[in-house]
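Trainee: Kindly produce the complete structure, drawing on both the sequences and the hints.
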Amino acid sequence: MIQKKICMIGAPSVGKTSLVARYVYSLFSEKYLSTVGVKIDRKDVRVDGQDVTLMLWDLAGDDEYQPLKPSYLRGAAGYLLVADGTRQETLDHALDLHWRVTRSVGTIPFVLVLNKSDLAGQWEIDPAQIKPVAEDRWRVLRTSAKDGSGVEVAFSELARDILRPGQDRRTIPDPA
Amino acid sequence: MNQTPQSEAGDGPEPSKPATQADELGAIRDLLFGEEKRQLDGLQERIEDPGLHAQDVGRVLPQAVTLATTENENLGAALVPAVETALKDSVKRNPARLANAIFPIIGPAIRKSISDTFSRLVQSLNQTLGHSFSPQGLRWRLEAARTGKSFAEVVLAHTLIYRVEQVFLIHKETGLLLQHVTAPHIRHEDAGVVSGMLTAIRDFARDSFQVSTAEALQTLQVGELNVWVEDGPQATVAAVIRGQAPLDFRTALQGAIEEIHALHGAQLEAFDGDAAPFETTRPILEPCLQIQFAEGTPGGKSPALPLLLLLLVLAPLAFWIAQSTVTGRRWSAFVEHLRSEPGIVVTTADRRDGQFVVGGLRDPLAIDPASLLEEFKLKPDKVSGQWEPYQALLPEFILKRSEALLQPPSEVSLEVQDGRLIIRGRAPGSWIAHALAQAPLLAGVHAIDATGLVNDTLAALASLQRQIEQEVLFFESGLTLKEGQEARLASLAGGIRSLELGARQTGRRPQVTIVGHTDASGSDDQNLRLSKMRADHVATLLASRGLPQELLESIGVGAREPLAPDATETEPTRHRRVTFRVRWLEEAVP
Ligand SMILES: Nc1nc2c(ncn2[C@@H]2O[C@H](COP(=O)(O)OP(=O)(O)OP(=O)(O)O)[C@@H](O)[C@H]2O)c(=O)[nH]1
Ligand SMILES: [Mg+2]
Numbered sequence: 001m002i003q004k005k006i007c008m009i010g011a012p013s014v015g016k017t018s019l020v021a022r023y024v025y026s027l028f029s030e031k032y033l034s035t036v037g038v039k040i041d042r043k044d045v046r047v048d049g050q051d052v053t054l055m056l057w058d059l060a061g062d063d064e065y066q067p068l069k070p071s072y073l074r075g076a077a078g079y080l081l082v083a084d085g086t087r088q089e090t091l092d093h094a095l096d097l098h099w100r101v102t103r104s105v106g107t108i109p110f111v112l113v114l115n116k117s118d119l120a121g122q123w124e125i126d127p128a129q130i131k132p133v134a135e136d137r138w139r140v141l142r143t144s145a146k147d148g149s150g151v152e153v154a155f156s157e158l159a160r161d162i163l164r165p166g167q168d169r170r171t172i173p174d175p176a
Numbered sequence: 001m002n003q004t005p006q007s008e009a010g011d012g013p014e015p016s017k018p019a020t021q022a023d024e025l026g027a028i029r030d031l032l033f034g035e036e037k038r039q040l041d042g043l044q045e046r047i048e049d050p051g052l053h054a055q056d057v058g059r060v061l062p063q064a065v066t067l068a069t070t071e072n073e074n075l076g077a078a079l080v081p082a083v084e085t086a087l088k089d090s091v092k093r094n095p096a097r098l099a100n101a102i103f104p105i106i107g108p109a110i111r112k113s114i115s116d117t118f119s120r121l122v123q124s125l126n127q128t129l130g131h132s133f134s135p136q137g138l139r140w141r142l143e144a145a146r147t148g149k150s151f152a153e154v155v156l157a158h159t160l161i162y163r164v165e166q167v168f169l170i171h172k173e174t175g176l177l178l179q180h181v182t183a184p185h186i187r188h189e190d191a192g193v194v195s196g197m198l199t200a201i202r203d204f205a206r207d208s209f210q211v212s213t214a215e216a217l218q219t220l221q222v223g224e225l226n227v228w229v230e231d232g233p234q235a236t237v238a239a240v241i242r243g244q245a246p247l248d249f250r251t252a253l254q255g256a257i258e259e260i261h262a263l264h265g266a267q268l269e270a271f272d273g274d275a276a277p278f279e280t281t282r283p284i285l286e287p288c289l290q291i292q293f294a295e296g297t298p299g300g301k302s303p304a305l306p307l308l309l310l311l312l313v314l315a316p317l318a319f320w321i322a323q324s325t326v327t328g329r330r331w332s333a334f335v336e337h338l339r340s341e342p343g344i345v346v347t348t349a350d351r352r353d354g355q356f357v358v359g360g361l362r363d364p365l366a367i368d369p370a371s372l373l374e375e376f377k378l379k380p381d382k383v384s385g386q387w388e389p390y391q392a393l394l395p396e397f398i399l400k401r402s403e404a405l406l407q408p409p410s411e412v413s414l415e416v417q418d419g420r421l422i423i424r425g426r427a428p429g430s431w432i433a434h435a436l437a438q439a440p441l442l443a444g445v446h447a448i449d450a451t452g453l454v455n456d457t458l459a460a461l462a463s464l465q466r467q468i469e470q471e472v473l474f475f476e477s478g479l480t481l482k483e484g485q486e487a488r489l490a491s492l493a494g495g496i497r498s499l500e501l502g503a504r505q506t507g508r509r510p511q512v513t514i515v516g517h518t519d520a521s522g523s524d525d526q527n528l529r530l531s532k533m534r535a536d537h538v539a540t541l542l543a544s545r546g547l548p549q550e551l552l553e554s555i556g557v558g559a560r561e562p563l564a565p566d567a568t569e570t571e572p573t574r575h576r577r578v579t580f581r582v583r584w585l586e587e588a589v590p
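Protein sequences appear in the order of chains A and B.
For the first sequence, our numbering assigns the number 1 to the initial residue and increments by one for each residue that follows.
For the second sequence, our numbering assigns the number 1 to the initial residue and increments by one for each residue that follows.
No lab work stands behind these hints: they were computed from the structure.
Every clue listed holds true.
Selected chain A positions facing chain B (Cβ under 10 Å, derived; list incomplete): (1) M1; (2) K4; (3) G37; (4) V38; (5) K39; (6) T53; (7) M55; (8) L56; (9) K69; (10) Y72; (11) R74; (12) A76.
Computed from a predicted structure; not experimentally measured.
The C-beta atom is built at its ideal place from N, Cα and C for all residues, glycine as well.
Mentor: Spelled out as structure tokens, the structure:
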């Protein structure tokens, strides 16, 4: 059986842990327990007829006290870049993290998710904002760890990208 | 002997009195008991003569042995020393004979004995645990009841010095699990997750304390468990140990990770998430599942230690046996298949030091044995081939070889019949020349039949020649060509050039003779001169279109070759013309 390491990356409290909990255990909790260090879970899936085990590394949200550790990224086959759709700044944060990841491990498959889509009333991210990255053929999806929408798709899109490398995937040029 | 009394009785003509008395007694005795005495004497003789006695015993022996064994067991016991001596003697004289005789039963016997020992050990282990009602045993029972652990677990906890419960083989970069072995009856968490967490914890420690990669965290302690880690360049081995392992266990771990790198270096390098190639590291990791009990404790004396040691020894052995029988079966199937492959003659198929060797003769056109390995699930690095090239004389191979060497064009078909190569179809002359030169050199070809083969080049040349020879260029008068004739020169020049090129392949060279003609008016002399001039003129025109001079020659025939004998005067311009003839010159092809 093929195993792949996948990292959950994003600002604190965007819902990385909740997305994993929803995906692996079909559970959701309103309680916020900030992740310290890293927590690993596994999920066996079938993608396009191929069985694969995803080892999901749920990393602590990146901030000045607990900055993203490059050593946790080593050997990752791909990552889920998570932003909180109700907080504009988490998207900017996610884009910044994307550059840091790419610098550290090179270009590997990833999917950008705008989480908490169930909170439509508080949505802050205007479609025009994600248009440039979507046009650059990033995979961008809306998810909700709470009601489960988009979660399954986000992970399986990522897994598919990992297993079928070389399909339409580009990154935006480094702004730095 | 039995004649003596009779002869004594009949041979004494004058017997003395006492003698007579004795004789009479003898005679009476003889009369009364003669028959019985003779029988007694006979019996005595049978008993005393070893040969006769042996015959008698031999007659009843099988029956006697059967009787003796069914009725009591003494015979068996009595025979033991004799049989033992006999076996000893037999082994001394020719060990091979006995070995051959017992060979078929020795494997099953060993297997049976191992499984017997096993079940007896398990049983007595259970008994030891079950009956240990010593004060200490009672205390442990209480502890078991209190903690909710099984009694066996508590005993183990008190008597164990250390036990390696799990061994992980982890891919260093990704933290993904390559292999995991556990001691029997060990409950454990998802090994893949543990493997990842272990990697993450070590990454964390390394980052947090800013140490170099070489000084990675090598020991972790979690409650009663110790985790010992040994790193190789690409993989890490981690052992989960209950209790205190001796320092030299670290050497064992180092040895294991070194061996794994030595055997699987390339696979570690290429690792992309597929752990299947590391299934074979089990026999390296399993010996790391060591266990040691404290001496003098029930655990130490109990058969658990030998049992577990036996387990440790048997597990890799069983694995190896299973593995090698499966591989062995695949191997035989593979060799069988090779034997049935045309163009392959298997002369050796052997197993040396875990390496399979197959060899023999192989036609270079036969299937490559290595390409079949995958189908038979054999690892290419375990199988080596030693093939001597030879040329198979099967018709299909002669055919394949012919096709490879001759490379017939699409319109040619080859066939092999009783060593005869039959070539049919159409082909350019150049190919035919090449084929006829090469074919006799083919192994297995004794004769060549090319009667069904049409030379395309010759056919094409003949038709070109016909076209050229039908060509006529007409003159108005003198050296002036009729209108439209000039244009035909171009296609004529092209035709001649093709003829020349095509002919090269056949080893010949065409010579085009331009023949000038005139009408019948005027003198012969004049006409000859004029006709030659016309021919020369056309030759010059052709040469100016790039035809080599030496291809062309010109002659004049005046009016000697009229178009039609009766048409001489009807239309003079029809006779003012040049015609063409083609001659062939043999030329050695360079
Ligand atoms: N309504 C809603 N709440 C969510 C969703 N996902 C996460 N949450 C809530 O957001 C909070 C943070 O979620 P976590 O999953 O712990 O976030 P995280 O990204 O793992 O945070 P760190 O580990 O600190 O980086 C929790 O209170 C969750 O209940 C969602 O899709 N919808
Ligand atoms: Mg978290």
